[in-house]
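A.B. asks: In case you want the letters, here they are:
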Amino acid sequence: MSGGWRIGIDVGGTFNDLVAIREADGRRVAFKQPSVPSDPSRAVEEGLRGLMDRAGIAPAQVSRIMHGTTLGLNTILQRRGARLALVVSRGNGDVLEIARSRMASAFDFTLKREVPLIPRQRVFEIDARVTAEGVIDRRPDAAALDALAASLSAAGVDAVALMLVNSYRHPALEAEVAGAIRSRLPDLPISESAKLWPEIREYERGMLAALNAYVQPLMEGYFDRLTDRLAGLGLTMPVFITTNNGGSVSLASARARPIDAALSGPSTGVTAAVLESPVRLRGRLVTLDMGGTSTDMAVVVDGQPEYTNEARIGEFPIILPVIAVTAIGAGGGSLLTVDAQKVLKIGPESAGSDPGPVCYGRGAQVPTITDCYLTSGILAADSFLGGRMPLHPAPSAAALAALGDTLGLPPGEDRAQRAADAALQVATAMMSVEMLKLLAQRGLDQRDFSLVAFGGAGATHACMLAEEAGLDRVIIPRTPGTLCALGAALADIRRDYGRSLSATLLPDGAGFEAVAEAVAALAAEGTGWIRGETPGAEARPLAFRLMAEMRFPDQAHALEIFVPEALRETLDGAALLDLFHREHERLYGFSSRDERVRVSTIRLSVSLPEPALTDAALQASPPAPGARRHRRVFSRGEWHEALFRRRDSLAPGDRLEGPLIVEQDDTTVWILPGWQCHVEADGNLLLHRISRKEGQA
Amino acid sequence: MRLNTTDFEILRHKSVAAAEEMGLTLQRSARSIYVKEVSDFGTAIAGLDGKAFAYPAALGLAAFVDLDLNPTLQAIGPLSPGDVILSNLPYANGGLSTHLPDLQLVRPFFVDGQLVAYGWTMAHTSDIGGGVPSSISPRFAEVYEEGLQIPPVLLVRGGVPDETLLAIYRLNSRAPKTNMGDLNAMLAALEVGQKRIESVARAHGVAALLQFQTQIADYAAEKARTVLDTIPDGRFEFWDYLDHDFNSNVPVRLCCALTKRDGHIHLDFAGTDPQVQSAFNLPTANLRSPYLALRLLHLVTSRDRTAPNNHGLLNRVSAAAPEGSILNPVYPAACGVRHATVMRLLDAVSGALHQADPGLVPVAGGGTVLPVVLVSPDPVTGETRPMVIQSLVCGSGSRQGSDGIDGREAGLSNTRNSPIERTEDEAPVLVEHYGLRCDSAGPGRWRGGCGLIYRIRMLRDDLAVMARGLERFRFTPWGGAGGRPAARCRVVVNMGRPDEREVSRLDYLPLAKGDTITFMTPGGGGFGDPFTRPAEAVLQDVLCGFVSVPSARDDYGVVIQGEEVDEAATSALRCQPRDTVPTLDAGPFRRSWDEAFPDDLVRRLIAALAPFTPRIRSRKRQALYESVLPALKDGGLPRIEEPAQTRDAFAQAIEQLEREVAA
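Top to bottom, those sequences are chains A and B. So the first sequence is residues 3 to 699, counted in this note's numbering. So the second sequence is residues 115 to 777, counted in this note's numbering.
Treat the hints with care, since some could be wrong.
Claimed, not checked - DSSO-like mimics (lysine-lysine), calculated; alpha carbons at most 27 Å apart, straight line:
#1 K734(B) to K439(A)
#2 K114(A) to K150(B)
#3 K347(A) to K197(A)
#4 K374(B) to K439(A)
#5 K114(A) to K347(A)
No lab work stands behind these hints: they were computed from the structure.
Given these sequences and hints, build the entire structure.
C.D. replies: Written as structure tokens, this is what we have:
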């Protein structure tokens, strides 16, 4: 296998990104291919052909393909999934109507609520119920099951989601009902909530089953077409699908639980951002993924991205662990407008990719952040996307000059630049305050963090953002424009397991048996699964991450306690309690070691770590003769003669000072005055603040 | 020096974010359930005028945008860097608090020795002493029963906490550790605010920061004006009722007259009933007070989502609540449970706005929050403990162009529900039914949101249920513009069994194993004539179980056969002449009540009672109502057989009281 290539594919709204890595020496080749929204598998096929051509890879040399797809996400957002029915316990038929009985805002009385994924008429109640102790309270008889099957059949549904109250304590009843339906309607796919994720909270667990059933038919169809097209290219190696937790699973696992893949795109980006950052800086990172239509941030502490069980897909919750990514207001396509009081507003509306910014020349009139980059001189009209997409500077500048006029900026030939500058400053302030809030929420100090920038515009804006927010370091990976594809190629096989329980630990640690039993069961399940995911997995070491949700009986809000791996095997009640009390003391300044503590949910992630692939040594190519060495940039009220370099002309060890523009095919890096750019041995750019050293730790 | 548009917008983002960072810090490190789960906390940055110029967009309580720090600041005098003022007594801090568990901290923000702003944080802490755990009970009459009273005092002087004060504070709480955790979280939030304001001042200059404080208020005022000017000129009045004053079954009236003239809006609450001898009072300190004008704030921010949250939004609004009324009680009236009062206050203002123009605001939502409390023995210690197992809300009111929301009403707290599985994991009950309540919504062209139905079965013998503060058992949520009122609140024990019984007021109800109790919350009122609602929409509601077939026929004029609309029968029914309904329709009981207790007499009674002390006033008022309508003594829905006769008796009783006073 060591001579093989691993290929990562990330399907986006505008482009499919592909990255190939040679396992022997870490050599990388990236390729961008326009998306085909009508048939994503075709663009993947074309992209693979292009990539293999460029890198000179023969089909037999490909050892594995790691594929990230937004198909599931888009299916949900656009509401074009399967026609579903939901089966629930008697008395619980309005569960999707009520949801968590909360409005998005306490005060805006014009707000509406989400349209339920499954209309009330296709929700069926049956007499099947488990008690909180996991005992069957009611069980449907054959006549009731016949009636249910008849209703499902009459409703003409493609698939069924099944959620019985308290099934997390006793998944067998759901399995029994599913079996009974299957025996009557053999072709009807059924998603069982407790089999997917046996965690307490009926609405969220039911929604998970519903979402899984909702995307399953489209995803399976896509996987079939994909497999066919790969076979057509002579590619018969294993295919893996990237997942919400930044890992990946086999195609067979993804078919069974496609919801795992719905939010994988942003997650693999974060995974790659961590792996691409220098080890010495991984302790504290903020990732910035800025594209044309959205900007996402994530916080990384001690080399681990943060996970959440409260992510949302559109209006719906998803309780599976997902890398916590926060979308913030401004992206490259954010529209610039002026309100009735003549105050400049950025977003929240976005120009999207069509018509896109004014400079795309597709008829848009309202300027965007991307127009500001172009007009202020940061972007060049002829080298956007490696010159494949010529930009139109004149309409861009005209739109910004008009904006400047409305804002009352002084007339003059650089009014457009002044307007662009104003907009970039406001956008930077908006991004900066969002980042600071993200850190404040976690009690972290921004001065300890480095910013890792990727996406088409991340590297363009990162230095402005770091300057404003008070961060001293910015990391620009080698291929910021295709980082999500790189993350796919580097993703470990990984799956999370969770289970709610009802365990109470006494102050001396007694009562731990239930916890130990749950942990052991999850570890056995995960180990069994991962051994079957890929040949040769038996011999390789696995990695585990164990978390426990714990709280005092009177405490509504549980704390998530991370159990260090060194402790996991020998964990006992006293050790777990100690971890909890220490966390409680850290957060609140006190704890009560003489009180009982409840353990409500256990989560365990199991992964198969891949050996690290370091990138091949960087070779600088000399600048083309006659290439421009400077570019004029208007920034923060004045013109700068910025040094200009192509990224591929930089060699490790180079040190350059801002104002500086580094241009590469997939992005343009803007480095402010007062910042230094250092080319690391692995080719990453490390931007460093040099002008504000006084008084800094 | 006017700020340019760029600096202004940047300062706006930074200052709001600073207030939000304070909130995030507080929320992260506070330990009490109120802060964590109910978001009962607030943070803001006030200018040198003592009014908030930066307030979070969506974090913590949104109700205090119009806060006023001046009474607190005046009580202490000049402040030094590192000082922090603590208070919790509404009667001493100008209504900054509205009940004692709400701790208020104010810290001056200095930059290079110059005072530039004030930071404010508030948190509902677990327990501040008083007669019951958590310090709140409707039966308290005076704040002395509600816990430790703290006027504005310096908690921290120049960065040094006052240990004496803290020692007293700790001793007066049942949860000193948790409370200290909250207090430390509030102090941490203020520290974050100071740091952020300092960095803003360093980046933009102190002069720019000070200029911004007034410029942002003017900006808000301009935005608000565009919305508020949609209210027509004139005087518009409406009143609504609390079912009772807790100590008796006598209802409490909240009255609002909104006058719009020359771009100015005045809210006059004269005609509101006197303060009560229970904890329903809302202290407002003779000021505009955040709650009094809150509905107008909702109006502005709902219509213009770009309007910044600050006091400038209410620049052209004044409010006055009569001293000694439930909306402006005098010391030492208890005020722990003012939640229901605030909800009804919002309904009263909504009604006045609706009179001005029905398109302005939604009609009444269900308007009550029903915390279902189970009292059960602790499985380990055996000690009896109360536990909130569910917080039931109602349906939202409908409005021009939109149905109300089913089973959700943001109201004031907007908390998440408790999943059935959580409830059953914690409490010895089985939740048999948790769904939308059929026929609870007010019919209309746009129907109200459905209320909820919640039935629990007791799994042990030694249990009891408490549900205090239940409202809308008598005075139903009103519909408007031809829309009809929603169903009233109901609680039934052992529904559908031979021993079924209706509970009209629920205080403490012991229940045995196998007993069930069913809570049914009101829906929201309807908007517009229900006979004009498309038959297809009514059919959908019937198929979903939200509207019954009889209600479809009687309330909407839609005849349903099987799963289809009977078009012919429907057209025939919809053509028949019908009774006209009032502009605001709160149902037959409300109509008979208003007839029996008309506005002019109610106002005369309020005036006649004025000379008495609050305690005597309350006693005399109760006696007078009960003498006029003896059925009030029995609870439930008192039948007013002959409203005209009751009115005459009411008038005579008032005359007698007036004579007594004159003598």
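A.B. asks: So if I understand the rule, the pair passes when the alpha-carbon distance is 27 Å or less; does K347(A) with K197(A) pass?
C.D. replies: Violated, at roughly 47 Å.
A.B. asks: Holds or violated: K114(A) and K347(A), Cα atoms, limit 27 Å.
C.D. replies: The given pair, whose Cα atoms are some 25 Å apart, holds under the 27 Å limit.
A.B. asks: K374(B) and K439(A) were given as a pair; does the straight-line alpha-carbon distance stay at or below 27 Å?
C.D. replies: violated, 40 Å
A.B. asks: Holds or violated: are the alpha carbons of K734(B) and K439(A) at most 27 Å from each other?
C.D. replies: Violated. K734(B) to K439(A) sits at ~55 Å, over the 27 Å cutoff.
A.B. asks: Checking one constraint from the list: CA of K114(A) to CA of K150(B), max 27 Å. Satisfied?
C.D. replies: Cα-Cα ~25 Å, so holds.
The earlier numbered hints that this structure contradicts are 1, 3, 4.
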